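**Student:** Hey, can you work out the whole structure from these sequences and the hints?
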Amino acid sequence: MSSSSAKLPGKPAAKTTGLHVGTIRPGVPKVDPIVTIDNVSRKFGGLVAVDVEHLEIPRGAITALIGPNGAGKTTLFNLLTGFDKPDTGTWNFAGKSLAGIPAFKVAQMGQVRTFQLTKALSLLTVLQNMKLGAKDQRGEKLMFSIFPFLWKAKEQEIEDKAMELLARFKLDTKKDDFAASLSGGQRKLLEMARALMTDPVLVMLDEPMAGVNPALTQSLLEHVLALKSEGMTVLFVEHDMHMVRHIADWVVVMAEGRVVAEGPPNEVMKNPAVIDAYLGSHQDTDLGTVTGRITLPTKGKK
Amino acid sequence: MDWSSILSNTAQGLLSPATMAFALAALGLAMHFGFAGLLNFGIAGFMAVGAYGYAISILSFGFEWWQGILVSLVASVIFALILGIPTLRLRGDYLAIVTIAAAEILRLLFLTNAFVDVTGSADGLSGYHNSFRAANPFPEGNYGFGPWTYNNIELWVLVLGLITLAICASLLLLLMKSPWGRVIKGIREDEDAVRALGKNVFAYKMQALIIGGVFGSLGGIIYALPSSVNPGVYVTSLTFFVWTALLLGGAATVFGPVLGAVIFWVLQAFLSNVLPALVSSGILPFISSIQASTIRFILVGVGLMLLVIYRPQGILGDKKELTFVK
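Going down the list, the sequences are from chains A and U.
Per the numbering used here, residue 5 is the first one in the first sequence, and the count goes up by one each step.
Per the numbering used here, residue 13 is the first one in the second sequence, and the count goes up by one each step.
Where hints are given, some of them may not hold.
With a Cα cut of at most 25 Å, we get these calculated SDA-like pairs of lysine to any residue [as the list claims (entries may be wrong)]:
hint	chain 1	residue 1	chain 2	residue 2
1	A	LYS109	U	ASN212
2	A	LYS232	A	LEU154
3	A	LYS145	U	ASN242
4	A	LYS158	U	LEU187
5	A	LYS232	A	PRO269
6	A	LYS145	U	PHE267
7	A	LYS34	A	ASP180
8	A	LYS100	A	GLU168
9	U	LYS189	A	LEU154
10	A	LYS232	A	PHE108
11	A	LYS145	U	LEU185
12	A	LYS89	U	LYS189
13	A	LYS158	A	THR129
14	U	LYS189	A	MET167
The hints are simulated quantities; they were obtained by calculation from the structure and are not laboratory data.
As the structure is a prediction and not an experimental result, all values here were calculated from the model.
**Tutor:** Below you can see the structure in the form of structure tokens.
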């Protein structure tokens, strides 16, 4: 089922190559990094959740962050976006150090994230959800808010932009519905669309495909690819290897808090360390064959 | 049974300083809980700050009545800051615990004998009316009709209360229709999502806490304007009465709290008159008329429970807009 969804119709978008400098190894320098992480570690009690010596995220490309459950992917996301503070280390976004910068300021700098458990603002309408993402609305300041003439014009501008994005994500007919009434997949779409309202430079998606049906996965994939063609950098956490292979230009593999491998998707997935730590040796075999419950004709590697 | 006096007393509940004080305090709670999702169980504390701030600045410092109101407002802003700075970064339930404790601390501070010269301790404060009454624009005499007959002093309190209420309600309406209100409602739904969109959630929550607190303090002033400040009023049950009024009308609405306060006081007035009358005419057996008049508080509690279970969104609320169980 998932293998058919990965075969998208039409011409696939070209992969960005030549992102790294020197031999590929964990922590390899990039030609044009947007995020640089040095010695970032985070412990929860005795558990080392994240311990990254050096990692660079290439600008203008789609980078996938993969790894087994508990590898520290989401914790790294939280650290990068200011939702959590590391115990040690420095990390830069677009040349600016992010140490001690609160989450809302990180977002204002153009680094926007979505959440693994979708955070649609349930009792706001879809359109209100979208408008909330907009930047530079003076009416959001207490002093200006009670004088509608100071923000009405901007509000119209924001609404037009929101409607355009909603149309792109096929949510425009739902604009007056409460977000609570949307399906799980639609909420994922809404969250991504809302993130785009902030005009981000770096979009960080935490498991964008989790719990989304195959047909919707396809349209979500196209949206992610579209972000890149619009010049944004994408960093996403995902467990669906077909998706990773299909859209990622670069893959970073984490295990037990460390970066164990990185590289272009096809090469990384052949790395024995990655296969051991995460993928397992049956990644391209039907689950039925693995468990021995169903016999299927052996499929060749894609 | 004297139905005409029962009904006349009930009708007075429709328009009284207490009703308006409750409406103002409930508006403040609507800002806190209904719109920003802040569980404030210390609204009685804000009301006490208003009432004591007003009375003390007049009695101890010889301020004019309007200066007293300003002092109260500043004091309530400070109280909100003290409450908010340590707690707004924490999860919502902590604010509930801290506010209920802070309101009690405040009440006990007003009650303690240590500051008897300033606070009047258990006797409370009174006799601060000269400046306010001197500013009364209404000439002496009686105004109104039927149960709503007021002398010029009562009228002055009512008019001032109505103006304050109108200003606060319009302000809240304007705020909640603005992009600021949108951020506030977003925070109620999920503050991390709003933070991820680049909004300073802490600052917004603080602003909401202050605005609601100022409304509550204005309610306290209106409560104190006609007669006296009594520490026995600003107890935790006052907080829950205001919550009842809020939930009755609809927490996430602007007119709901006002309607809720009116219904609450009309019902209170009706029950406190009709229950003793039922006892004295022998319809209600087994209890004395003193016991009968306290039954209304039991009924308030039962009413609050039924409300939360069966109509959590209140009378004016949209069922979809606010439900308790999320």
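**Student:** Taking the hints in turn, state whether each one holds.
**Tutor:** To see whether the hints hold, each was checked on the structure:
Restraint check for LYS109/A and ASN212/U: the C-alpha separation of about 8 Å stays at or below 25 Å, so the hint holds. Distance check on the hinted pair: LYS232/A and LEU154/A sit about 35 Å apart at the alpha-carbon level, beyond 25 Å; violated. About 38 Å separates the Cα atoms of LYS145/A and ASN242/U, which puts this hinted pair outside 25 Å; it is violated. At roughly 17 Å between alpha-carbon atoms, LYS158/A and LEU187/U fall within 25 Å of each other, so this suggested pair holds.
Restraint check for LYS232/A and PRO269/A: the C-alpha separation of about 17 Å stays at or below 25 Å, so the hint holds. A threshold of 25 Å between alpha carbons decides the hint, and for LYS145/A with PHE267/U the separation of about 24 Å falls inside it, so the pair holds. A C-alpha spacing of about 44 Å is found between LYS34/A and ASP180/A, which places the hinted pair above 25 Å, so the restraint is violated. The suggested pairing of LYS100/A with GLU168/A is violated, with an alpha-carbon distance near 32 Å, which exceeds 25 Å.
A hinted pair counts as satisfied when its Cα atoms are at most 25 Å apart, and LYS189/U with LEU154/A qualifies at roughly 13 Å. A distance of roughly 24 Å separates the Cα atoms of LYS232/A and PHE108/A; the hinted pair therefore holds under the 25 Å criterion. Restraint check: the Cα-Cα separation between LYS145/A and LEU185/U comes to about 16 Å, which is no more than 25 Å; the hinted pair holds. Proximity of LYS89/A to LYS189/U is assessed by CA-CA distance (about 35 Å); at most 25 Å being required, the pair is judged violated.
Taking the CA atoms of LYS158/A and THR129/A, the gap is about 19 Å. The hint holds against a cut of 25 Å. A hinted pair counts as satisfied when its Cα atoms are at most 25 Å apart, and LYS189/U with MET167/A qualifies at roughly 20 Å.
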